[in-house]
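Protein chains in written order, with the numbering used here: chain A, 4 to 142; chain B, 4 to 142; chain C, 4 to 142; chain D, 4 to 142.
Don't read these hints as lab results, they were simulated from the structure.
Values in this document were obtained by computation on a predicted structure and should not be read as measured data.
Heads up, some of the hints might be wrong.
[As the list claims (entries may be wrong)] Derived pair list, reagent style DSS-like, types lysine-lysine, alpha-carbon separation capped at 30 Å:
1. Lys5/B to Lys137/B
2. Lys5/D to Lys137/D
3. Lys137/A to Lys5/C
4. Lys76/C to Lys76/B
5. Lys76/D to Lys9/C
6. Lys5/C to Lys76/D
7. Lys5/B to Lys9/A
8. Lys9/A to Lys137/A
9. Lys76/A to Lys9/A
10. Lys9/D to Lys76/A
11. Lys137/B to Lys9/B
12. Lys5/C to Lys137/C
13. Lys9/C to Lys5/A
14. Lys9/D to Lys137/D
15. Lys137/C to Lys76/C
16. Lys76/B to Lys9/B
17. Lys137/C to Lys5/A
18. Lys9/B to Lys9/A
19. Lys9/A to Lys76/C
[Said to hold, decoys possible] Derived DEER-like restraints, expressed as beta-carbon distance ranges:
20. Asp108/B to Gln79/D: 56 to 66 Å
21. Gly95/A to Asn48/B: 23 to 33 Å
22. Glu73/B to Gly81/D: 31 to 41 Å
23. Leu51/C to Thr68/D: 40 to 50 Å
24. Lys137/C to Asp108/B: 52 to 62 Å
25. Ser121/B to Asp134/D: 52 to 62 Å
26. Ser121/D to Ser122/A: 47 to 57 Å
27. Ala92/D to Glu123/A: 35 to 45 Å
28. Arg91/A to Glu73/B: 45 to 55 Å
29. Glu24/D to Ser121/B: 45 to 55 Å
30. Glu20/C to Gly81/A: 47 to 57 Å
31. Ser121/B to Asp107/C: 51 to 61 Å
Backbone N, C-alpha and C fix where the C-beta goes; we use that ideal spot for every residue, glycine too.
4 protein chains.
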Amino acid sequence: MKMNLKTALRMITAGQEKAEELGVPVSIAVVDDGGNLVAQHRMDNSMLISQFLSLSKAYTSVVTTMPTEELGKYTQPGGPFYGVHTCRAASGICIFAGGYPVHDDGGIVGGIGVSGGSSEQDIAIAAAGRDGYKNPADK
Amino acid sequence: MKMNLKTALRMITAGQEKAEELGVPVSIAVVDDGGNLVAQHRMDNSMLISQFLSLSKAYTSVVTTMPTEELGKYTQPGGPFYGVHTCRAASGICIFAGGYPVHDDGGIVGGIGVSGGSSEQDIAIAAAGRDGYKNPADK
Amino acid sequence: MKMNLKTALRMITAGQEKAEELGVPVSIAVVDDGGNLVAQHRMDNSMLISQFLSLSKAYTSVVTTMPTEELGKYTQPGGPFYGVHTCRAASGICIFAGGYPVHDDGGIVGGIGVSGGSSEQDIAIAAAGRDGYKNPADK
Amino acid sequence: MKMNLKTALRMITAGQEKAEELGVPVSIAVVDDGGNLVAQHRMDNSMLISQFLSLSKAYTSVVTTMPTEELGKYTQPGGPFYGVHTCRAASGICIFAGGYPVHDDGGIVGGIGVSGGSSEQDIAIAAAGRDGYKNPADK
């Protein structure tokens, strides 16, 4: 099953509702299982850099099959993936919190990335968006 | 007046309706008056390259203050802007049709870019999206 | 249906047989429907640049949904896509012959790119590889 | 003696057998003594980032003449090569485990890189592939 625009927008809406609840404007991006953009929204008054980081986090979570905060732990000095984010061959990688892969029964179907808040806020919003994928009404 | 997410989504919706009328799936991106992304949607089954080109067209139309097909004329061999798209200092410039600046009374408020169809289709969809800005119900 | 390694290698083998018949060493790359590499072989004595060009052609044919020689026509000065290959936002695009999208019943499943010979040779080898996808014994 | 396609494929096969034994899908890349790609396979269901990292590891092991995990030690904060991976002039360098140079009697003949598993898995698979070079039946 491929990620589609309708599903991506449902995920973004779920994330935006969480962001409004937390009172923090963010950018949210959703990519498909090939790491390609499906949709991206930047909420009013969010940091400009969030447009780049949200997409990078969504991409990273798909190509590494893990949440970006988990990758972040592995990339600390002394860690097994230290240096991955500065390897030009792996450009576009983001190693801090706010990106999640999205799983369906058949495996990874895409990823979501959030940027603009604190790590905890980005995580909470990204998780809400990720969970928005599983809305049974649409499946 | 700054472009906001609500207005950008109304423009994208207007563009998507035109795209569906023409029967061509496209990507549509809207940027603000600083050239920064506000929202981007990739319709199902649109070309993957459209994710990059639609954003590049929207950006280009703002930073050059002209439709991208007009810029395209100036950048032909022998033209006054020949080479602008290969200037690293101007990276992200797209020189073919499908991008429009969006004007309000006070000047440029943003830009819209469309990619995925023929030049004529991209132009028609981008124009529909641009005109979606002026929906009085929302102002 | 996703491109897999077994199918990609069958396509590469079909391409290599054609290359040997033509007496020209080439590189052959196969990507999946998201533009991501599945397999790549550089035949002995092929030009070093062929490692980059074959992958770029395979990628380009997927993201533009057309053979690269067709894209090449559109990107000449005065053409509708003039400048696409120098647009940093669309980096990795190759606009000359030797790349083909691979279609199955459900749409594009991947792409193949060949580099190292003349345009005619690259086209013939890429076509042989593309046709290798449809080997009924494996389906 | 130069690395050739036949030898590279034998090395990749040896690596893939080890990967199947370990139950982890990976990408494996082999480069020649000039650091140029000879062959690369991405096993089904391996992480997408592995396509970039495996090639980067193979390349790095040749241009530094050492296993990448050894380079990784030298590039920690305070180490003698701290920063090498962020030096634009040395782009493509990977500083964590999974890449090995391949030696013959006359010196380095190429390199192999593996990505997709844990550090220990990537090391074991890369070592198996490297040892596949020395298959006497082919020499």
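Here is how each hint holds up against the structure:
no., hint, verdict
1, Lys5/B to Lys137/B, "14 Å, holds"
2, Lys5/D to Lys137/D, "14 Å, holds"
3, Lys137/A to Lys5/C, "23 Å, holds"
4, Lys76/C to Lys76/B, "17 Å, holds"
5, Lys76/D to Lys9/C, "37 Å, violated"
6, Lys5/C to Lys76/D, "39 Å, violated"
7, Lys5/B to Lys9/A, "27 Å, holds"
8, Lys9/A to Lys137/A, "13 Å, holds"
9, Lys76/A to Lys9/A, "33 Å, violated"
10, Lys9/D to Lys76/A, "39 Å, violated"
11, Lys137/B to Lys9/B, "13 Å, holds"
12, Lys5/C to Lys137/C, "14 Å, holds"
13, Lys9/C to Lys5/A, "22 Å, holds"
14, Lys9/D to Lys137/D, "13 Å, holds"
15, Lys137/C to Lys76/C, "28 Å, holds"
16, Lys76/B to Lys9/B, "33 Å, violated"
17, Lys137/C to Lys5/A, "23 Å, holds"
18, Lys9/B to Lys9/A, "17 Å, holds"
19, Lys9/A to Lys76/C, "35 Å, violated"
20, Asp108/B to Gln79/D: 56 to 66 Å, "58 Å, holds"
21, Gly95/A to Asn48/B: 23 to 33 Å, "24 Å, holds"
22, Glu73/B to Gly81/D: 31 to 41 Å, "55 Å, violated"
23, Leu51/C to Thr68/D: 40 to 50 Å, "20 Å, violated"
24, Lys137/C to Asp108/B: 52 to 62 Å, "59 Å, holds"
25, Ser121/B to Asp134/D: 52 to 62 Å, "55 Å, holds"
26, Ser121/D to Ser122/A: 47 to 57 Å, "25 Å, violated"
27, Ala92/D to Glu123/A: 35 to 45 Å, "39 Å, holds"
28, Arg91/A to Glu73/B: 45 to 55 Å, "35 Å, violated"
29, Glu24/D to Ser121/B: 45 to 55 Å, "52 Å, holds"
30, Glu20/C to Gly81/A: 47 to 57 Å, "49 Å, holds"
31, Ser121/B to Asp107/C: 51 to 61 Å, "25 Å, violated"
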